[in-house]
Amino acid sequence: MIDTYWQLLASAEGGHSDGLIDRLKSTIDYLCAPEYFVTLTTLLLIVALLTYKIWTKPKVAGLIFAAFTFFYVASMFDEDFFKIIKKPDNVPITMMIYFTGFCTWLGFRQAAINDDRMKRGEPLLESGADDKVLVWPDLVYTELIALVLCTAFLVVWAIVLKAPLEPPANPTNIPNPSKAPWYFLGLQELLVYFDPWIAGVLLPGLIIVGLIALPYIDKNPRGNGYYTLRERPFVISVFMFGFVIMWCVLIVLGTFLRGPNWNLFGPFETWDPHRPAALLNINVSDVFWVVLPERLALSWWKPGLPDQPFLFLPAYLVREAPGLVLVGGYFFVLPVFLAQTVFRRIYREIGFVRYCVFWLLLSWMFIVPIKMVLRWLFNMKYFVAITEFFFNI
Amino acid sequence: MGLFNAVGNYFRDSQVWGSIFRHGVPRDRRTRAMAILSNVFLHLHPVAVRKSGIRLSFTWCMGGLTFFLFIAETISGVLLMFYYRPVVEYAYTDIVGLRAHVTLGLLREIHRWGAHAMVIAIWLHMLRVFLTGSYKPPREFNWGVGVILLTLTLLLSFTGYLLPWDQLAIWAITVGSNMARATPFAGHEGPGAALLQVGGVPLIHGGSDARFLLLGGTVVGPGALLRFYVLHCIFIPVVVSVLIAVHFWRVRKDGGISGPL
Ligand code: HEM
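As given, the protein sequences belong to chains A and B, one line each in that order.
Be aware that the first sequence starts at 1, since it is given in the working numbering, and climbs by one per residue.
Be aware that the second sequence starts at 1, since it is given in the working numbering, and climbs by one per residue.
Any given hint could turn out to be false.
Where chain A lies over chain B, by a calculated footprint (3+ residues, C-beta under 8 Å) [stated by the list, open to error]:
(1) 38 to 48
(2) 63 to 73
(3) 90 to 97
(4) 112 to 121
(5) 169 to 176
(6) 191 to 204
With the Cβ distance kept under 10 Å, some of the chain A side facing chain B (calculated, not the full set) [stated by the list, open to error]:
(7) A67
(8) G121
(9) P123
(10) A146
(11) L154
(12) I159
(13) N220
(14) R222
Bear in mind the hints are in silico, worked out from the structure with no lab data behind them.
Backbone N, C-alpha and C define an ideal beta-carbon position, used for all residues, glycine too.
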């Protein structure tokens, strides 16, 4: 049904190609390469956190909503974009975008109001502990209405959109691209940058452990039970970075922009299965043992990966020494330095043990964007590549 | 109206009604409290709550919606189980038959879209708990219970994805479960697995690693279908139900919906 509707609209447009629109589309396609897409959305998040009192005003937020919806709907006239978005299992992603956007607005709107009120010494939106109401009728009825609306929503959704069913499972016919269910596409996207033991096991594990550990690390007693940003800017910024960028944005990237061979395609590009796969990547060890000596051209330092053991160190450790030093510095030296500078106050507040856990979680969270940037800029593949033991970072 | 009231009163005065609802119509403070206290389901709630806590803009009702969706999934799931057999020979054709022959064939749609909606709702519930700082003492433990619930909800969705046994299902699960191959020490392509050997014979290989445990085979085949079915229909839902009970209990024990002191 949706299909024919779309065809009608597309044919109504008359098939003439508008030069301006095409140029706009190719600009957007270009900006959707991960290096721009992730960077731009991150910048957007930072700006949003800094200006939360402005964009949360209902009028501004309404304008943003209208502009985004206009863009989204207009995009649907593009055949390639529409093909992706109308896949039944991708419909939830459109919902995710809208609901997450709305709820983020709702939360930050109240945070903005509360922060203003606190500055003026007025009571919070949530104040009034003695204001109690009876559960019957106030809560029970709210719940009933929510239940009815939710059911209606679900039934309508089920009537309008058929659940997908593809041809029967065939172990010899591998679809290209093979995608995980949409809520795991963020993790699948990490496979571009990390080996499966990090992307598929370690990082998900750390997300779970990290979330559970959060209340024990965040010792800030303020902001308990009401919306605020001013009283806990650091924790909220880190969490929003993780939730919005590292989870939601990567899901959008994985759904809309990844095509055959996991190559990147702009939202308005046709998925071409014959586009060649990505180019060669290099490791830190290559940079140190080959590129560097070649550039420096010293008489005593010949380019070439070491393949001899050194004293008691096996050859692979010698080869990977530069990367190991880098990684070791990041995980073990940097936190010491930070504890005396930027994180001084945090360290004083939470103490040694909590700080160690905090750094374990934070360092792994930020190794993701760090490695992304290094890949985009230098085609870097591994810091440490001990392929002998499947141990690559 | 008069007749309506008369019939209503007749039923409310009857012995049957009185045996079920042991209080009058909830019109005043006492009977309203009774309505909550004397009902095993409603008494998940306290009798009275802070006004700010039940404002829709505070909780977004997201925890409640997650719960509703879980119940909707349970009901539609049980109905689906009547029509579905988890063996490779029948799984796909049962789904096709379900589409073609079952009256009001919305079951599968409701179940599938409900699952997607639950995944979204649970994230947003977490987001609101986070933004209101409601994970702070005394609610640290309940936040942890929530995180486990979130993990299990994703696993529920994931295990269910395989059951239609179509191309979408088998390859999505193949991609997902390939990760288990790389589990450190426990997967045969994971770091450290090569160290685990006895007299040169590796302990961890394709037929003994974490992925094999999950799939009951080296590829996504009949063993995986059965395992995912059992996990999806029995094990995970039971654990989730228990944890939801703990979660609700703790919401009350930790002082009800959070609010500023
Ligand atoms: C099956 C999944 C879940 C269900 C059915 C559920 C249900 C609920 C309900 C009904 C409430 C009452 C207040 C509200 O609606 O917001 C609540 C509160 C709470 N939930 Fe959940 N929840 C689930 C998952 C989670 C998750 C994933 C987290 C966090 C990671 C979480 C953490 C909490 C906390 C800390 C509270 C207390 C909040 C307060 O007192 O303000 N829950 N939950």
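Each hint, compared with the structure:
no.: 1; hint: 38 to 48; result: holds (count 5)
no.: 2; hint: 63 to 73; result: holds (count 5)
no.: 3; hint: 90 to 97; result: holds (count 3)
no.: 4; hint: 112 to 121; result: holds (count 7)
no.: 5; hint: 169 to 176; result: holds (count 7)
no.: 6; hint: 191 to 204; result: holds (count 5)
no.: 7; hint: A67; result: violated, 23 Å
no.: 8; hint: G121; result: violated, 14 Å
no.: 9; hint: P123; result: holds, 9 Å
no.: 10; hint: A146; result: holds, 5 Å
no.: 11; hint: L154; result: holds, 6 Å
no.: 12; hint: I159; result: holds, 7 Å
no.: 13; hint: N220; result: holds, 8 Å
no.: 14; hint: R222; result: holds, 8 Å
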